[in-house]
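Asks: These are the residues of each chain, in order.
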Amino acid sequence: MSVVVSMDEIRAISERLGVDLAKINLDSIHLPPGDDMGIPSDDEDLLKEDAMEEDQGFGNILVVDNLPVVPKEKYEKLEGVVRKIYSQLGVIKEGGLNMPVDPVTQKTLGYCFIEYNTPQEADLSKEKTHGYKLDRSHIFAVNMFEDIEKFLKVPDEWAPPEIKPYVPVEMLQKWLTDDKARDQYVIRSGGDTEVLWNDARQMKPELVYKRPYWTESFVQWSPMGTYLATVHRQGAAIWGGATTFNRLMRYAHPQVKLIDFSPGERYLVTYSSHEPSNPRDTHRVVLNIFDVRTGKVMRDFKGSADEFAVGGTGGVTGVSWPVFRWSGGKEDKYFARIGKNVISVYETETFSLIDKKSIKVENVMDFSWSPTDPILSLFVPECGNQPARVSLVQIPSKEELRQKNLFSVSDCKMYWQSNGDYLAVKVDRYTKTKKSTYTGFELFRIKERDIPIEVLELDNKNDKIIAFAWEPKGHRFAVIHGDNPRPDVSFYSMRSGTNTGRVSKLTTLKGKQANALYWSPGGRFIILAGMKGFNGQLEFFDVDELDTMASAEHFMATDVEWDPTGRYVATAVTSVHEMENGFNIWSFNGKLLYRILKDHFFQFLWRPRPPSFLSKEKEEEIAKNLKKYSKKYEAEDQDVSLLLSEQDREKRKKLKEEWEAWISKWKRLHEEEKMEREKLRDGEASDEEEEYEAKEVEVEEILNVEEEVIPFEDSQQ
Amino acid sequence: MRPILMKGHERPLTFLKYNRDGDLLFSCAKDHTPTVWFADNGERLGTYRGHNGAVWCCDVSRDSSRLITGSADQTAMLWDVQTGTQLHTFTFDSPARSVDFSVGDKLAVITTDPFMGLTSAIHIKNISKDPSEQMSESVLVLKGPQGRINRAVWGPLNKTIISAGEDAVIRIWDAETGKVLKESDKEIGHKKGITSLQKSVDGSHFITGSLDKSAKLWDIRSLTLIKNYTTERPVNAVTMSPLLNHVVLGGGQDASAVTTTDHRAGKFEAKFYDKILTEEIGGVKGHFGPINALAFNPDGKSFASGGEDGYVRLHHFDQDYFNIRI
Numbered sequence: 001m002s003v004v005v006s007m008d009e010i011r012a013i014s015e016r017l018g019v020d021l022a023k024i025n026l027d028s029i030h031l032p033p034g035d036d037m038g039i040p041s042d043d044e045d046l047l048k049e050d051a052m053e054e055d056q057g058f059g060n061i062l063v064v065d066n067l068p069v070v071p072k073e074k075y076e077k078l079e080g081v082v083r084k085i086y087s088q089l090g091v092i093k094e095g096g097l098n099m100p101v102d103p104v105t106q107k108t109l110g111y112c113f114i115e116y117n118t119p120q121e122a123d124l125s126k127e128k129t130h131g132y133k134l135d136r137s138h139i140f141a142v143n144m145f146e147d148i149e150k151f152l153k154v155p156d157e158w159a160p161p162e163i164k165p166y167v168p169v170e171m172l173q174k175w176l177t178d179d180k181a182r183d184q185y186v187i188r189s190g191g192d193t194e195v196l197w198n199d200a201r202q203m204k205p206e207l208v209y210k211r212p213y214w215t216e217s218f219v220q221w222s223p224m225g226t227y228l229a230t231v232h233r234q235g236a237a238i239w240g241g242a243t244t245f246n247r248l249m250r251y252a253h254p255q256v257k258l259i260d261f262s263p264g265e266r267y268l269v270t271y272s273s274h275e276p277s278n279p280r281d282t283h284r285v286v287l288n289i290f291d292v293r294t295g296k297v298m299r300d301f302k303g304s305a306d307e308f309a310v311g312g313t314g315g316v317t318g319v320s321w322p323v324f325r326w327s328g329g330k331e332d333k334y335f336a337r338i339g340k341n342v343i344s345v346y347e348t349e350t351f352s353l354i355d356k357k358s359i360k361v362e363n364v365m366d367f368s369w370s371p372t373d374p375i376l377s378l379f380v381p382e383c384g385n386q387p388a389r390v391s392l393v394q395i396p397s398k399e400e401l402r403q404k405n406l407f408s409v410s411d412c413k414m415y416w417q418s419n420g421d422y423l424a425v426k427v428d429r430y431t432k433t434k435k436s437t438y439t440g441f442e443l444f445r446i447k448e449r450d451i452p453i454e455v456l457e458l459d460n461k462n463d464k465i466i467a468f469a470w471e472p473k474g475h476r477f478a479v480i481h482g483d484n485p486r487p488d489v490s491f492y493s494m495r496s497g498t499n500t501g502r503v504s505k506l507t508t509l510k511g512k513q514a515n516a517l518y519w520s521p522g523g524r525f526i527i528l529a530g531m532k533g534f535n536g537q538l539e540f541f542d543v544d545e546l547d548t549m550a551s552a553e554h555f556m557a558t559d560v561e562w563d564p565t566g567r568y569v570a571t572a573v574t575s576v577h578e579m580e581n582g583f584n585i586w587s588f589n590g591k592l593l594y595r596i597l598k599d600h601f602f603q604f605l606w607r608p609r610p611p612s613f614l615s616k617e618k619e620e621e622i623a624k625n626l627k628k629y630s631k632k633y634e635a636e637d638q639d640v641s642l643l644l645s646e647q648d649r650e651k652r653k654k655l656k657e658e659w660e661a662w663i664s665k666w667k668r669l670h671e672e673e674k675m676e677r678e679k680l681r682d683g684e685a686s687d688e689e690e691e692y693e694a695k696e697v698e699v700e701e702i703l704n705v706e707e708e709v710i711p712f713e714d715s716q717q
Numbered sequence: 001m002r003p004i005l006m007k008g009h010e011r012p013l014t015f016l017k018y019n020r021d022g023d024l025l026f027s028c029a030k031d032h033t034p035t036v037w038f039a040d041n042g043e044r045l046g047t048y049r050g051h052n053g054a055v056w057c058c059d060v061s062r063d064s065s066r067l068i069t070g071s072a073d074q075t076a077m078l079w080d081v082q083t084g085t086q087l088h089t090f091t092f093d094s095p096a097r098s099v100d101f102s103v104g105d106k107l108a109v110i111t112t113d114p115f116m117g118l119t120s121a122i123h124i125k126n127i128s129k130d131p132s133e134q135m136s137e138s139v140l141v142l143k144g145p146q147g148r149i150n151r152a153v154w155g156p157l158n159k160t161i162i163s164a165g166e167d168a169v170i171r172i173w174d175a176e177t178g179k180v181l182k183e184s185d186k187e188i189g190h191k192k193g194i195t196s197l198q199k200s201v202d203g204s205h206f207i208t209g210s211l212d213k214s215a216k217l218w219d220i221r222s223l224t225l226i227k228n229y230t231t232e233r234p235v236n237a238v239t240m241s242p243l244l245n246h247v248v249l250g251g252g253q254d255a256s257a258v259t260t261t262d263h264r265a266g267k268f269e270a271k272f273y274d275k276i277l278t279e280e281i282g283g284v285k286g287h288f289g290p291i292n293a294l295a296f297n298p299d300g301k302s303f304a305s306g307g308e309d310g311y312v313r314l315h316h317f318d319q320d321y322f323n324i325r326i
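For the protein sequence lines, the chains are W and A, in the order given.
Under UniProt numbering, the residue at position 281 of the first sequence is numbered 281, and the numbers go up by one with no gaps.
Under UniProt numbering, the residue at position 37 of the second sequence is numbered 37, and the numbers go up by one with no gaps.
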């Protein structure tokens, strides 16, 4: 750094030396060549700082422990081995490999230092070689040189951790105790994120919390609705609280792109992918699994995007989210991911593979968990002379429960019913000519003995399947099928009359403008929706009565979402379209309750509810005595609607009165100005208000005058 | 209510105006010929030939003898309504956007666009009874606002001029001194450019339509915001029924953004609102482009709409319309 001398000091010095400052031409002063008098020039300064940065940072140096201890003769050989391992992972600096030798015994000390060109390389090789087995007794322990200080600070004696005083947490489930039993939803539009009550009785939303720039990309509720997760450049955060939203925890993960909660909302998986330093490499992927409550990283996964591509097929688009799929149930016991020829199942007790190894399945394409039980269903396509197959595997025993071989399969899709009672596998098979495909279903009854499988083909088996959906918690499913622009919708039940073990068709609705199915979470009701090409046609259908309750349209709708209770439905137009952005709230039977328009509308999400604590018997009892219970609410509804109409009347009356006041004021002013107006019009009566009269004006116009001599004919002649 | 489709213009409509008796309808379009129609059956009566650019606006005198038109050819012209002869041409250095006769038809206010470095301006001209004595000089020129002034009209007793335009601010000017008397509040006023402005029959209040998807009703003297009508589309045209408490808004998505997918996407409807309750009552569909111009017949029994599609649609109301109760 240069010494800064102020002008005052210079003056003082010049006075002392008897130099007249005014007489000196500063430009004439030159330093002797090659001498800078200790004054660094500006750019030199910069250079120095640069160099310092590199010198100071030890981020590119690794310490490798647990090397074999070898005598001098073998030093070269060991160095060769180490160099070979580490030069694969990056460029070691010249003289960057340093293996100290005991000056007394002339043996190595069992560790070495490796200096790379960049911290990134060091980081990568630490990742790759930590735990590397050179042989049975030499497992590498690799650390960053920078961390030494950290390790030195570890006290020798264990001190019990300080127990923090208990801070009572706000009741995070408070929203469930709303005395009007309303549901909440979150919307994102423009820069604002809002949480609102759905006040269907008042036919409008009520604001709970609003915050501009709450998230940098999207928001997401946890599966039971306790937390709202926001995503930022530095990581993810969760929010919750009794009356408002406070930040409960932060999860550091730079450039996080995607997040996923475990179904019991105990763990949060975050994902990011990073531009590789070498453009020929694939993107680097980082996944962290956090404990939601403590914020600790339970396990992290790093690797190239290829490793996380589904089915090991190495799709160009890379990773399909979620990478880790969680087994069903609130326990969050297992999670799994698919790799090349393997399914890796981890358990959350140790966050390691079950039995320390993945399940080997050649060519596995797809898998999914039962929503309730630790059962995996796998799909393996045809390979050589092996037929394609779908199999069910029990976890953690990895025992195959059931398997079904399938022939000439082009693709398979698996659909679990929400209680895990049934599994439907949609199988696309090639026709004999292999030119086209047709579709059939294999239906597994999971809860029955030996898991019977039934084959279902549609009446017209050449029909293309457009959509398939199970009734939540129920035994029915709906299929949209057909090739023409107005496809058919069929409903099937897994029971038929007295025989509970046979599938039967309930009905087929012909020629519907639908291409998507949305069951009510409570079952029975379904929306047959025509999205995209159908411009947002909605048909509200009652499957018990097999009757259409209402048909409606939300023009250009892109999203349909049932509230968690199945009482209301939201349809939204998000910013994929430029116009019409906003959402509509409907009752389950298709009555439009209210509509909100928002420009740049991005997201609509109902706050999920945790599963009910009521037992099945209790629920049935309530359903039976619904009339008795509903009386109270009906009365309340009526009160509210009376109040509303009363308020409405009041408001209208007030508006009318205000308007009348304006009118009379204007009339008065108008009257006052009457004379002046007349004058402006040169005395023409100001007759704007007067009835104007239609005057009949007779106009006579002589068109032509002609004289004609009429010859007189004598009649007497 | 079967509308009468009036074909005659070859380019998008820009303005519609009924005469005081309500028997004639004047239409302006981006083609160069303002046209006059029988307001009853939509028959074309004649055209006014002479402009050499899009015609943006027109006004007709109280006795239906004079027509004034403002055009992009940088002129405003005075016409004899009956014969269609040009009586006088006011030339400017930039396109004329809006014209309005004063009470008594002795004055006219003409606005000009910002053009080639010139700012927008409001010109006040004397209008002589005898066209041969017509002078071209402006009595007063008002300048100041940024951006285009889309509409300027006379206030009560010709004492003030009300202007509105792209800067979303409504201004009341003193017509004598040229000073700004009042400006609308940025907080409560429009958020985007104001496209149209229409006075009530008695001139006591006026309504403005804006690209911010709303229309607002103001007191003409105090510039108090009285009502706010919100819609889903940018508003290009507004009008008020002289008979009932109804307000009509017309508009649609920006003409340059009209999709080719579905005519419903654009919402090219004339929307009826209750003037007092500000609630939507209904809509009249038909245009397949944004609505650029709206006008009510002074008898309140019919209205006309002009669209980007080049058509004027003339709607005579059914009896049911007069029985609407809400």
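These aren't lab readings, by the way, just hints derived from the structure by calculation.
Careful: at least some of the hints might be erroneous.
Listed next, with one range per pair, are the computed distances between beta-carbon atoms [stated by the list, open to error]:
(1) 684/W - 89/A: 19 to 29 Å
(2) 191/A - 646/W: 51 to 61 Å
(3) 63/A - 675/W: 14 to 24 Å
(4) 89/A - 704/W: 48 to 58 Å
(5) 213/W - 186/A: 16 to 26 Å
Since the structure is predicted, the reported quantities are computational estimates derived from the model, not experimental observations.
From the three backbone atoms N, C-alpha and C, an ideal C-beta is built for every residue, glycine too.
Asks: Should the hint that residue 89/A and residue 704/W are 48 to 58 Å apart at their CB atoms be regarded as holding?
Replies: About 40 Å separates the Cβ atoms of residue 89/A and residue 704/W, which means 48 to 58 Å is violated.
Asks: Holds or violated: the 19 to 29 Å window for the beta-carbon distance between residue 684/W and residue 89/A?
Replies: holds, 28 Å
Asks: How does the Cβ-Cβ distance of residue 213/W and residue 186/A compare with 16 to 26 Å: does it lie in that range?
Replies: Cβ of residue 213/W to Cβ of residue 186/A: about 23 Å, so the range 16 to 26 Å holds.
Asks: Measuring from beta carbon to beta carbon, are residue 63/A and residue 675/W in 14 to 24 Å?
Replies: For residue 675/W against residue 63/A, whose Cβ atoms are near 21 Å apart, the range 14 to 24 Å holds.
Asks: Note whether the CB distance of residue 191/A and residue 646/W lies within 51 to 61 Å or breaks it.
Replies: violated, 34 Å
Checked against the numbered hints given earlier, the structure breaks hints 2, 4 and satisfies all the rest.
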